[in-house]
Amino acid sequence: MSETKTPEAAKDEPNIRIVEDATCTFCGCVCDDMELTVDLDANRITKAKNACVLGRAWFLQHGIEDHPQAMIDGREVPLEEAMDEAARILHEAKFPITYGLSDSPCEAQRVAVAINDLVLGNIDTTTSVCHGPSGIAFQGVGESTSTLGEVKNRADLVIYWGGNPAESHPRHFTRYTVTPKGRYIPNGKKDRYVVLIDVRKTPSAPVADQLIRVKPGRDFELLWALRALVRGRDVDPDIEKITGVSREVLDELVERMKNCNFGVLFFGMGLTMTRGRHFNSGALLALATDLNKYTHFVAKPVRGHGNVTGADNVVSWQTGYPFGVNFHRGYPRFNPGEYTTVDLLARGDADAALMIATDPASNFPKRAIEHLKKIPVISLDAKPTYTSRQARVAFMVATYGINTGGTVYRMDDVPITLRPAFDSPFPTDEEVLTGIHTRLKKLRANGRKKAA
Amino acid sequence: MMLIPGRSSKQGTSLNAGKLKEEYQAVTSTIEMNESTMRKLGLSAGDRVRLSCTTGKVEVECGKPRKDEDLPDGMIFIPYGPSSSELMESDTAGSGMPMSKQMMVDVECLGAK
Ligand code: SF4
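Protein chains in written order, with this note's numbering: chain A, 553 to 1004; chain B, 11 to 123.
Straight-line C-alpha distance at most 16 Å; calculated EDC-like pairs for lysine to aspartate or glutamate:
no., chain 1, residue 1, chain 2, residue 2
1, A, Lys-753, B, Asp-83
2, B, Lys-20, A, Glu-719
3, A, Lys-753, B, Asp-78
4, B, Lys-31, A, Glu-617
5, A, Lys-767, B, Glu-79
6, A, Lys-918, B, Glu-96
7, A, Lys-925, B, Glu-96
The calculated label-pair distances, taken between Cβ atoms and stated as ranges, are:
no., chain 1, residue 1, chain 2, residue 2, range
8, B, Met-114, A, Glu-572, 43 to 53 Å
9, A, Pro-738, B, Glu-69, 52 to 62 Å
10, A, Thr-969, B, Ala-36, 34 to 44 Å
11, B, Glu-33, A, Lys-925, 21 to 31 Å
12, B, Gly-84, A, Gly-740, 33 to 43 Å
13, B, Gly-104, A, Ser-868, 14 to 24 Å
These aren't lab readings, by the way, just hints derived from the structure by calculation. From the three backbone atoms N, C-alpha and C, an ideal C-beta is built for every residue, glycine too.
One chain only, chain B, in its complex shape:
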């Protein structure tokens, strides 16, 4: 599936409280998918999920489902943070910029918390 890290309001406000604080850590390890994708994967809000790719793997929490028209099928959104960095490839293709959006990841459901 395709992982798209990005900014969110909560990520921005919790950043001000401090990166080492719980709120920032919770916000940046919560993913969003659309209703159909979550249904297909048998996921509900609050479930634990493991995202992995050749670079690394992280455990995150599944957030509330987004409407199908808001997020395409098979796409995962996550606010920027330590979890998205863990999966980021360091190759920049000679540009200085690692591929920080549109990362292909495997998704494994770990069940409820």
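Excised from the complex, chain A in its bound form:
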């Protein structure tokens, strides 16, 4: 619970508030055991107990930006005027797209879907450029899944494939998967065997009992060989030449996987961003399913942004599909490669873009960025970015989890409620999107766009 210290208790201190059980939304671990010390006079968090190095930077570097709430073409304007202009752009566009959403709470994501339903737009999330291929694979192969709590309490074999949590999700090991003691894992790390499979020796390697180095671009071959061996089939005698992993290492790993009590395969973007994409994720998911003939085995993607899992959930429950959803015909259609944002921009299809808590102008391929420069962009972000700098309409919004409440989903699909630390002069992204949605409803009432 939050408490503000009484003047006596904080005589020599500034106006301090302690927020217990706050949530860090910097990465998909969404750690909800933060204890924040907030200097309410300075609008700053001065201490973030339990946070990792990334979480500390997330909280301690957060201040209130000296920036207008809203701008049109780089000129400060009242919030209402910017919402009017954003609604006009989306209303007049033939092919408006919305992208981002993984750093917004579910409440805002829900409004973004409603906007697209109304303008017959296209909605996609950053999932399409992180675990989108895994989303495709889930539909094709299925998912043997669990929560991180189950992993903590039961997993005695933990395998990371193509991920480097020590740098991307620093508390994944310590809070959920390696060091914590669990109900059936009384001695924590001593009771688990940890394997890391990667092309390079990453800073995560010291945590692992075994590092298996796969040749770049050979993950699929290695996964398929493991599947064959799990099923008692033979594999190509040249398997070491192909994958960089010897037959002995493979046999040992297969035995370990079949004989553990509860195994988990965590996989990262080393699988989804490389050649093979959804085939790689699909092969790993199929391997986990195969292993259930022998023991209990699950597979989980390690998700990046704080609420990217929420974006998948919200877009799924509202449209039936997790990302890359198009409303042009008046009903949702899903087609990765066609309705995913990199493709829509690189092909030059979109004629207006609503970018929510994302910075495609810095992290998309050049061709997509070039098209983005040609169309009106509406951006919502808590910090100035390359995208907000070039946006026609730019909203500066409050930071979720620090200045706003709401709901986010942890990477294992567990919803978590946010506890804000201090107020912000900026509107929330839900408020801005609701303002745009309300205006669009009025504009639509005067002339509804026809479905294609």
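Put chain B with the ligand on the given structure of chain A with help from the hints.
Only chain B with the ligand this time, still in chain A's reference frame:
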């Protein structure tokens, strides 16, 4: 050579300070190679290097060498950012995902800063 963009702690912490700030820009335009590869290319830490492919080209700085056992020969690591995007192909092979890791690039040494 093969370029592998990925996350790093510094990329993550500098991201919080702001993408338009110097630290983020410096972190995301510094590459890592192993000792042997750097020796073969005649590179030392701090040298400027041009990476190019059919999609684009960028100038980056060479970081401290990594141990040979940490990074394979001929592989370059770079934290995600504007430099890695510049080299990224937009074709997603019908998946929505551009090939964001394992990009083949040419390396040209531009000498010390
Ligand atoms: S692991 Fe992720 S969610 Fe947890 S404190 Fe670190 S950055 Fe925040």
